[in-house]
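Novice: Here is how the chains run, residue by residue.
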Amino acid sequence: MSDIILRTASLCRHYRRGIHEIRAVDDINLQIESGEFVAVVGASGSGKSTLLNLLAGLDSPTAGKVTYRNKILNELSRRELATYRAEKVGMIFQSFNLLQHQSALKNVELALYFNHIPRNDREKRAKDILIRLGLEDRIEHKPADLSGGEQQRVAIARALVKKPELLFADEPTGNLDRENSEAIAEILKELNGEGLTVVIVTHDTELAGRIAGRTVRMHYGKIAGGESG
Amino acid sequence: MTFRDMIDISLGNLRRMKLRAFLTISGVVIAIGAFVAMLSFGAGNYRYVSDQYEEFGLFTTMIVYPNDNKESDSTNATLLDRDALEKLGKIPGVRLAYPFDEFEVTVTVGDSLITSKARSLSPEVIKTKLFSNLMAGAYFHSDSSNETVVTSSILNELGYENGEDIVGKVMVLSVKAPSLDSALINIIVQEGEPIVERLREIRFDSLFNTEYRRKIMEREFNEGIKRFIQGFMNHQITISDTLTITGVLETTGGRRIRSTGVIIPEETARRLSHGSFGVGSDPTGLFAAMKSGHLFSFGEDENYESYPQVTLDIDPYINYEIIKDSVESFGYRTFSFAEQFKEIQRFFMYYNLGLAVVGLIALVTASLGIVNTMVMSIIERRKEIGILKSLGAYEGEIKRLFLMESAVIGAIGATVGILVGWVVSRIGSAILKYIMREQGVPVFEPFALPLWLIVLAFSFGVLIALLAGSYPASRAARVDPVEALRGE
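Taken in order, these protein sequences are the chains called A and B. Okay, so the first sequence: first residue is 229 according to the working numbering, each after it adds one. Okay, so the second sequence: first residue is 21 according to the working numbering, each after it adds one.
Don't take every hint at face value.
Claimed, not checked - DSS-like mimics (lysine-lysine), calculated; alpha carbons at most 27 Å apart, straight line: (1) B/Lys362 to B/Lys344; (2) A/Lys391 to A/Lys370; (3) B/Lys403 to A/Lys334; (4) A/Lys355 to B/Lys403; (5) B/Lys403 to A/Lys370; (6) A/Lys370 to B/Lys38; (7) B/Lys38 to A/Lys334; (8) A/Lys391 to B/Lys403; (9) B/Lys235 to B/Lys246; (10) A/Lys334 to B/Lys419; (11) B/Lys137 to B/Lys196.
Claimed, not checked - Which bits of chain A does chain B cover? Going by a derived footprint, with three or more residues having C-beta under 8 Å, they are: (12) 279–289; (13) 317–325; (14) 334–345; (15) 436–445.
In case anyone wonders, no lab produced these hints; they're calculated from the structure. Glycine included, C-beta positions come from ideal geometry on N, C-alpha and C.
Generate the whole structure from the sequences, applying the supplied hints.
Specialist: Written out as structure tokens, the structure is:
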């Protein structure tokens with residue numbers, strides 16, 4: 229029996245820009261099983277990042293719903309939604325989104341500030357995950373002193389340190405060279421192999437096909453097709 | 021996110037923008053510094069006055085006056101005589117009731133001869149706080165001992181610099197006591213114009229004329245009164261006594277005994293001041309005796325005395341208003357230092373309020389700097405807010421984080437400001453004390469930094485900073501994480 233961790237029903241996210249209505253996400257029905265690796269592909273402006281933000285509870289739908297297990301995200305209070313992001317979700321961004329004035333360690337620790345993890349445990353857990361991702365020599369380095377690949381690994385460490393159920397990655401290799409892209413892809417694949425549910429947004433269909441179990445293609449806010457990897 | 025996490029993040033952010041933080045905090049420092057310096061001046065003055073009241077036992081002192089109100093029902097009830105003294109002493113809460121009967125004396129110590137004022141006190145009264153500032157020697161030992169305590173106000177006049185030097189010396193105290201005889205004789209034989217001369221001027225045949233008779237009666241009656249008082253005041257006998265000086269009282273700041281040069285035991289004083297007459301040399305005593313009808317009853321009641329005022333030493337644990345009501349119910353007027361102090365407290369409240377308003381204006385100006393800094397900070401840190409939200413921070417936490425930054429600015433500014441205010445008050449104190457010394461006035465500490473002022477200044481600093489930070493913090497909490505993360 230399949231274990232659906234995330235489900236969308238007639239999910240819409242429409243914007244109004246002056247007199248124009250932009251249908252970033254339009255009537256999407258999607259089911260993601262626990263432990264699945266889903267890649268959302270599509271051209272720029274197809275709505276894949278918006279979909280990811282809706283799934284991660286960063287954005288609210290204008291219609292339809294997102295259900296995490298039995299909880300409808302758009303019916304949760306802001307605080308409950310923040311708790312969902314803090315405890316269940318890890319996020320990786322194309323531009324890493326690290327705090328430039330903080331060390332790699334502090335950036336990773338920051339993810340535990342909202343999880344009620346004791347201070348002493350936070351540092352240990354952050355160090356452990358950085359070491360696991362091969363950054364033991366970069367723990368006290370600030371993002372500006374790290375390469376793109378290293379920064380993205382710090383971002384992955386930050387996403388993983390709280391042991392989420394869901395990992396959302398928005399163009400995680402978009403700013404990386406081929407070698408680093410491959411390394412990050414391998415890490416994601418490995419994490420998924422350990423049972424983590426991964427949803428990745430990318431315009432790189434080749435990468436998506438190679439690492440994801442399932443690919444969802446978006447076109448102008450709608451699902452244009454899907455295929456199994 | 022714990023409280024400590026928020027402080028760490030806030031301090032980290034302030035360290036990142038050092039110059040801006042320094043300038044913003046400087047505004048708070050100046051405002052709090054001015055606030056503290058101004059209020060510490062008010063606090064210092066208040067403390068000085070309060071200490072003076074406490075030191076001289078003024079909170080437990082009440083002065084009672086006879087009531088001169090002509091509408092008073094009973095004439096006798098308003099006079100302060102021995103009966104009244106006894107009555108007042110029995111009021112619950114009154115520990116001591118003693119009269120104020122200061123009189124002029126001539127003091128001779130060695131070769132020095134001065135005129136001063138003396139008052140009598142019982143040994144138990146002189147030991148009350150009001151007279152507690154003994155700078156040398158001891159109090160006199162009994163009510164009738166031939167001993168005296170002098171005050172420092174006459175020390176220099178007598179040629180002494182140190183109180184210790186005069187203790188043990190012999191003083192000849194002379195007092196001019198009024199004589200009833202001299203007052204009566206003066207009616208009959210005034211200097212240069214005996215009464216016979218005046219009688220010769222009267223045309224006896226005209227006394228049948230009512231108008232002439234009224235005029236003569238009126239003129240002679242007025243003249244008689246005038247002569248009586250002149251005789252009372254001017255033709256007095258001198259009584260002297262030899263006393264040993266046992267101690268010296270410090271009078272600097274001691275308001276109630278500043279005019280008194282010599283304090284003598286009650287019985288000794290009675291011997292001196294009333295040697296030949298039932299009332300004191302003070303004209304008020306004469307008028308009181310005349311009013312009461314006791315002027316010529318000296319022989320019948322040797323103990324009759326009337327005082328211009330009576331001092332009550334009251335129990336500090338009993339509300340002075342209850343005692344005041346009891347005293348006034350007898351028909352007397354009262355003056356309470358505790359009541360006066362209430363007025364002083366009210367004055368200082370308005371005074372401090374005025375100073376606080378000026379300080380608060382500076383603080384409000386500084387708060388605008390905080391608003392500006394925090395708004396700028398939010399604009400610059402939109403992405404950071406987006407990251408924190410993506411990591412699970414909810415709006416309340418973001419708001420608290422920015423409020424904490426404002427509070428840290430306020431707390432640092434207030435702490436340094438209190439120190440600056442203290443330094444300013446020390447400088448001000450040194451200058452004012454120098455001026456006081458130069459002008460020969462008693463030197464006191466005009467500034468004070470009580471705990472309540474430190475707490476108030478710190479609280480104001482943090483509170484104003486929190487108020488200033490509340491709008492930017494609300495703005496930060498409302499930042500859309502999607503927009504913030506996209507807008508890189």
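Novice: Just to be careful, I want the Cα atoms of B/Lys403 and A/Lys370 compared with a cutoff of 27 Å; is the pair within it?
Specialist: holds (17 Å)
Novice: Taken at face value, is the distance from the CA of B/Lys38 to the CA of A/Lys370 at most 27 Å?
Specialist: Satisfied, since the Cα-Cα distance of roughly 19 Å is no more than 27 Å.
Novice: Do the alpha carbons of B/Lys362 and B/Lys344 lie within 27 Å of each other, as the hint requires?
Specialist: It holds: about 15 Å lies between the C-alpha atoms, which stays within 27 Å.
Novice: Checking one constraint from the list: CA of A/Lys391 to CA of A/Lys370, max 27 Å. Satisfied?
Specialist: holds (23 Å)
Novice: Tell me if the straight-line CA distance from B/Lys403 to A/Lys334 falls inside 27 Å.
Specialist: Roughly 17 Å between the alpha carbons, so the hint for B/Lys403 and A/Lys334 holds.
Novice: Quick one, are B/Lys137 and B/Lys196 close enough, alpha carbons at most 27 Å?
Specialist: holds (12 Å)
Novice: Taking a Cβ-Cβ distance under 8 Å as contact, does the stretch 334–345 of chain A have three or more residues in contact with chain B?
Specialist: Since 5 is at least three, the answer is holds.
Novice: Are A/Lys334 and B/Lys419 close enough, with their CA atoms no more than 27 Å apart?
Specialist: With a Cα-Cα distance of about 21 Å, the restraint between A/Lys334 and B/Lys419 holds, given a limit of 27 Å.
Novice: A/Lys355 and B/Lys403: Cα distance at most 27 Å?
Specialist: holds (25 Å)
Novice: Hinted pair, alpha-carbon criterion (27 Å max): B/Lys235, B/Lys246. Please report holds or violated.
Specialist: At roughly 16 Å apart (the allowed maximum being 27 Å), B/Lys246 and B/Lys235 satisfy the hint.
Novice: Between the stretch 436–445 of chain A and chain B, are there enough contacts, at least three residues with CB-CB distance under 8 Å, for the coverage claim to hold?
Specialist: Result for this restraint: violated, n = 0.
Novice: Counting residues of the stretch 279–289 of chain A that have a beta-carbon nearer than 8 Å to any beta-carbon of chain B, does the count reach 3?
Specialist: holds (count 4)
Of the numbered hints listed earlier, the single one contradicted by the structure is hint 15.
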